[in-house]
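Peer 1: Protein chains in written order, with this note's numbering: chain S, 1 to 241; chain E, 1 to 218; chain P, 1 to 237.
Read the hints as simulated data drawn from the structure, not as lab findings. Possibly wrong hints are sitting among the right ones.
DSBU-like mimics (lysine-lysine), calculated; alpha carbons at most 30 Å apart, straight line [claimed, not checked]:
| # | chain 1 | residue 1 | chain 2 | residue 2 |
| --- | --- | --- | --- | --- |
| 1 | S | LYS129 | E | LYS44 |
| 2 | E | LYS44 | E | LYS114 |
| 3 | S | LYS228 | S | LYS115 |
| 4 | E | LYS44 | S | LYS78 |
| 5 | E | LYS44 | S | LYS55 |
| 6 | S | LYS107 | E | LYS114 |
| 7 | S | LYS69 | E | LYS114 |
| 8 | S | LYS5 | E | LYS211 |
| 9 | S | LYS55 | S | LYS228 |
| 10 | S | LYS104 | E | LYS44 |
| 11 | S | LYS78 | S | LYS225 |
| 12 | S | LYS104 | E | LYS114 |
| 13 | S | LYS116 | S | LYS78 |
| 14 | S | LYS104 | E | LYS214 |
| 15 | S | LYS225 | S | LYS5 |
| 16 | S | LYS107 | E | LYS44 |
| 17 | S | LYS108 | E | LYS211 |
| 18 | E | LYS211 | S | LYS74 |
| 19 | S | LYS78 | E | LYS114 |
| 20 | E | LYS114 | S | LYS116 |
| 21 | S | LYS115 | S | LYS69 |
| 22 | S | LYS74 | E | LYS44 |
Distance windows between CB atoms, simulated [stated by the list, open to error]:
| # | chain 1 | residue 1 | chain 2 | residue 2 | range |
| --- | --- | --- | --- | --- | --- |
| 23 | E | TYR208 | P | PRO232 | 58 to 66 Å |
| 24 | P | PRO232 | E | LEU54 | 43 to 51 Å |
| 25 | E | SER111 | P | ILE225 | 28 to 36 Å |
These figures come from a predicted structure and were not determined experimentally. C-beta atoms are modelled at their ideal positions from N, C-alpha and C, and glycine is treated no differently.
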Amino acid sequence: MIEIKNVSKWFGDFQVLADVNEVVQRGQKVVICGPSGSGKSTLLRCINGLEPYQKGEIVVGGTSLSDPKTNLYKLREKLGMVFQRFELYPHMTVMRNITLAPMKVRKKSRQEAEKKAMELLDRVGIPDKAGAFPANLSGGQQQRVAIARALAMEPECMMFDEPTSALDPEMIQEVLEVMIGLAKEGMTMLVVTHEMGFAREVADEIIFMDEGRIVERGRGEEFFKNPKSQRTKDFLGQILK
Amino acid sequence: MFDAVLQNLPYLLGGFLTNVQLAVFALAGGLFLGTLVGLGRISKRPWVYHPVTLYVNLLRNIPLILVIFWFYFVMPILVGRTMDPFVSAAVSFIVFEATYFGEIFRAGFQSISKDLVSAAYSTGLTYRQTAAYILVPIAFRRMLPSLITQSIITFQDTSLAYVIGLQEIVRRTTIVDSMEVRSIQLYSFVAVLFFIICLAGSRISLHYEEKSRKAKVL
Amino acid sequence: MLAYKFDWGVLWRQPSGEWLLQGLWLTIQIGALAWVIALTLGILFGTLRSVRFWPLRILGSVYVEVFRNVPFLVQLFFWFYAGPMLFGKTLQFKINALSGLNYYVAIVALGLYTASRVGEHVRAGFASIGHGQYDAVLSTGMTPVQMYWHVMIPHALRLIIPPLTTEFLTIFKNSAVAMTIGVAETTFMSYKIDEQTFHGLEATTGAMAIYLVLGMTVVKLMNVIEARFQIPGLMSR
Numbered sequence: 001m002i003e004i005k006n007v008s009k010w011f012g013d014f015q016v017l018a019d020v021n022e023v024v025q026r027g028q029k030v031v032i033c034g035p036s037g038s039g040k041s042t043l044l045r046c047i048n049g050l051e052p053y054q055k056g057e058i059v060v061g062g063t064s065l066s067d068p069k070t071n072l073y074k075l076r077e078k079l080g081m082v083f084q085r086f087e088l089y090p091h092m093t094v095m096r097n098i099t100l101a102p103m104k105v106r107k108k109s110r111q112e113a114e115k116k117a118m119e120l121l122d123r124v125g126i127p128d129k130a131g132a133f134p135a136n137l138s139g140g141q142q143q144r145v146a147i148a149r150a151l152a153m154e155p156e157c158m159m160f161d162e163p164t165s166a167l168d169p170e171m172i173q174e175v176l177e178v179m180i181g182l183a184k185e186g187m188t189m190l191v192v193t194h195e196m197g198f199a200r201e202v203a204d205e206i207i208f209m210d211e212g213r214i215v216e217r218g219r220g221e222e223f224f225k226n227p228k229s230q231r232t233k234d235f236l237g238q239i240l241k
Numbered sequence: 001m002f003d004a005v006l007q008n009l010p011y012l013l014g015g016f017l018t019n020v021q022l023a024v025f026a027l028a029g030g031l032f033l034g035t036l037v038g039l040g041r042i043s044k045r046p047w048v049y050h051p052v053t054l055y056v057n058l059l060r061n062i063p064l065i066l067v068i069f070w071f072y073f074v075m076p077i078l079v080g081r082t083m084d085p086f087v088s089a090a091v092s093f094i095v096f097e098a099t100y101f102g103e104i105f106r107a108g109f110q111s112i113s114k115d116l117v118s119a120a121y122s123t124g125l126t127y128r129q130t131a132a133y134i135l136v137p138i139a140f141r142r143m144l145p146s147l148i149t150q151s152i153i154t155f156q157d158t159s160l161a162y163v164i165g166l167q168e169i170v171r172r173t174t175i176v177d178s179m180e181v182r183s184i185q186l187y188s189f190v191a192v193l194f195f196i197i198c199l200a201g202s203r204i205s206l207h208y209e210e211k212s213r214k215a216k217v218l
Numbered sequence: 001m002l003a004y005k006f007d008w009g010v011l012w013r014q015p016s017g018e019w020l021l022q023g024l025w026l027t028i029q030i031g032a033l034a035w036v037i038a039l040t041l042g043i044l045f046g047t048l049r050s051v052r053f054w055p056l057r058i059l060g061s062v063y064v065e066v067f068r069n070v071p072f073l074v075q076l077f078f079w080f081y082a083g084p085m086l087f088g089k090t091l092q093f094k095i096n097a098l099s100g101l102n103y104y105v106a107i108v109a110l111g112l113y114t115a116s117r118v119g120e121h122v123r124a125g126f127a128s129i130g131h132g133q134y135d136a137v138l139s140t141g142m143t144p145v146q147m148y149w150h151v152m153i154p155h156a157l158r159l160i161i162p163p164l165t166t167e168f169l170t171i172f173k174n175s176a177v178a179m180t181i182g183v184a185e186t187t188f189m190s191y192k193i194d195e196q197t198f199h200g201l202e203a204t205t206g207a208m209a210i211y212l213v214l215g216m217t218v219v220k221l222m223n224v225i226e227a228r229f230q231i232p233g234l235m236s237r
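If we strip away everything but chain S, and leave its shape as in the complex, we get:
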């Protein structure tokens, strides 16, 4: 449902993405890994129109981002996104964080939105924190709220930008478990991460990016055992220590 065709992007003179091609089918889980600066986060942000791209085309659910008539807001409703630093609204309670978009964008009533929010909080394991403020939560709890917030808009695909990189080690597992649960339920997922254990368990396809290009893609164990390119070997060697 997401097609990326020959996409290139520059920040001034610096090329951030170079001829990226990829197709993500409904229900697929794709993991993207690579060194920092390789363009992984930028690629995600191009897909939901947070960042523009200069060459190529991205089509999401049949709608092309290059088309000037495309309503970016509607498109973003289909794509949920979770960020490295959680980015919860600090001045609102957990409940309000989750219900804001459904109420303002989908025009749901407060009761409807709150009911759905409680279901989601249950699903991510922290129903008791509905009235708390983000500052009172641990990192792992905040990230789970962020996932619930993204799920509240009933997206067709969930994108994760290094969701566990800012977490203390003890909390990484609780977030990964939520993500694995999502994967098992059939959600289409695009995950940028260094957590190779997660990739092994869940990913249909693993992509290695470096300097704006997709260097290699593979499936499951084969990717880890027999990386074809030297760069991939070096990178995996570092991460899998």
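Place chains E and P on chain S using the hints.
Peer 2: Positioned in the frame of chain S, the structure of chains E and P alone reads:
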């Protein structure tokens, strides 16, 4: 010793009430317009950014008294009849103070991480919704001490409405002084009145600064 | 819209054309002289607020709080109307008879007011220099007075040139308030043009242009000073 003041107290305090009313309008309008100015100053659209920047830089370099006069001369022309000095003064203040509030809000907006804004957009919120529910409330809370300090300055500035004849406290004091010639009493009284209010205001601002420094929540 | 005939000619026709320029000259005079007072007193009070001897710190604080929390217009009126009376009955009449009294009062009042703000910047400057230098200088045997005069004050002044530029600009803006006691500076003149010709709109617009140009000149001047006196190795533009 303070007989001139006491005899004319209702008259003088009535004038002070005008200062307060003018300040209320100036603050309400100035804060509202200020959020728009702040948003305009961080806008990526050149047709918004440049006019707003021009407006801010222009008004921050000319004296408030001159702005008050300018509106006093302009408004009758625009509206077609003579203007009540209160209205003319209120408009001048709102337009003038909005530039200062605007810069304060701008600093507040710029302190919000880009990713937080991206997170809001990624849930489908429009620019207007993001600005209204996320940007403005966060910036307001973060910049509250500066906003209070600027509000105190605005309150002091209301004394300048004297020049277009508004019946506020300074003008009333000069009127009483011309009759009673008890200048020391009278002008000390006005000074003390402002002093108490403004000092209280700056203490409140310090209190919020301390509170937010300790909490580090936002 | 009222049928209003714009007459931009007032800005250069005689006699009104010259008035604005005469007003500008007075604005510059008042601003510059008040700035001298403000700098001198400001350095003094900023230093008072920073010394170890607490009675002096309290004195400095009181001065700053009083002058910051009373509107400038009220301060000006106090000095102009009530000020002479402070000198007692006989002197009072002599003072009030002085020609140009409003001019001198405006300069002094503006200087005193601005000094409290300059003082705060000076205090901040000292605070950012930090204790290390304080101790180092004292250990060479200098007295505190010498230390402040030869080391701390020159150092702090260079650090606070940007906020001082803002205060210098503000002093020219506040000089306009002097029109309320009859000082014939720029804003006064624009009002006078309106009284004579009923073209106050053009006059005040012209006055605005004058203040803008004045402001830009001040900023350029301070940039030159900042470049000339810069501390090598520390924050450059």
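Peer 1: State for each hint whether it applies.
Peer 2: Hints, one by one, checked against the model:
1. S:LYS129 x E:LYS44: With a Cα-Cα distance of about 38 Å, the restraint between LYS129 of chain S and LYS44 of chain E is violated, given a limit of 30 Å.
2. E:LYS44 x E:LYS114: Roughly 14 Å between the alpha carbons, so the hint for LYS44 of chain E and LYS114 of chain E holds.
3. S:LYS228 x S:LYS115: Between LYS228 of chain S and LYS115 of chain S the Cα gap is close to 49 Å, so the pair fails against 30 Å, i.e. violated.
4. E:LYS44 x S:LYS78: With a Cα-Cα distance of about 26 Å, the restraint between LYS44 of chain E and LYS78 of chain S holds, given a limit of 30 Å.
5. E:LYS44 x S:LYS55: holds (22 Å)
6. S:LYS107 x E:LYS114: The given pair, whose Cα atoms are some 26 Å apart, holds under the 30 Å limit.
7. S:LYS69 x E:LYS114: holds (25 Å)
8. S:LYS5 x E:LYS211: violated (52 Å)
9. S:LYS55 x S:LYS228: Answer holds: LYS55 of chain S to LYS228 of chain S is near 28 Å, not above 30 Å.
10. S:LYS104 x E:LYS44: Answer holds: LYS104 of chain S to LYS44 of chain E is near 24 Å, not above 30 Å.
11. S:LYS78 x S:LYS225: violated (35 Å)
12. S:LYS104 x E:LYS114: holds (21 Å)
13. S:LYS116 x S:LYS78: Measuring from Cα to Cα gives roughly 17 Å; hence the hint holds.
14. S:LYS104 x E:LYS214: violated (33 Å)
15. S:LYS225 x S:LYS5: holds (29 Å)
16. S:LYS107 x E:LYS44: holds (29 Å)
17. S:LYS108 x E:LYS211: violated (36 Å)
18. E:LYS211 x S:LYS74: Given pair LYS211 of chain E, LYS74 of chain S is violated - Cα atoms ~40 Å apart, limit 30 Å.
19. S:LYS78 x E:LYS114: holds (21 Å)
20. E:LYS114 x S:LYS116: Since the Cα atoms of LYS114 of chain E and LYS116 of chain S sit roughly 28 Å apart, the hinted pair holds (cutoff 30 Å).
21. S:LYS115 x S:LYS69: violated (35 Å)
22. S:LYS74 x E:LYS44: Answer holds: LYS74 of chain S to LYS44 of chain E is near 22 Å, not above 30 Å.
23. E:TYR208 x P:PRO232: 58 to 66 Å: Violated - the Cβ-Cβ distance for TYR208 of chain E and PRO232 of chain P, about 40 Å, lies outside 58 to 66 Å.
24. P:PRO232 x E:LEU54: 43 to 51 Å: violated (36 Å)
25. E:SER111 x P:ILE225: 28 to 36 Å: With Cβ atoms ~31 Å apart, the hint holds.
The earlier numbered hints that this structure contradicts are 1, 3, 8, 11, 14, 17, 18, 21, 23, 24.
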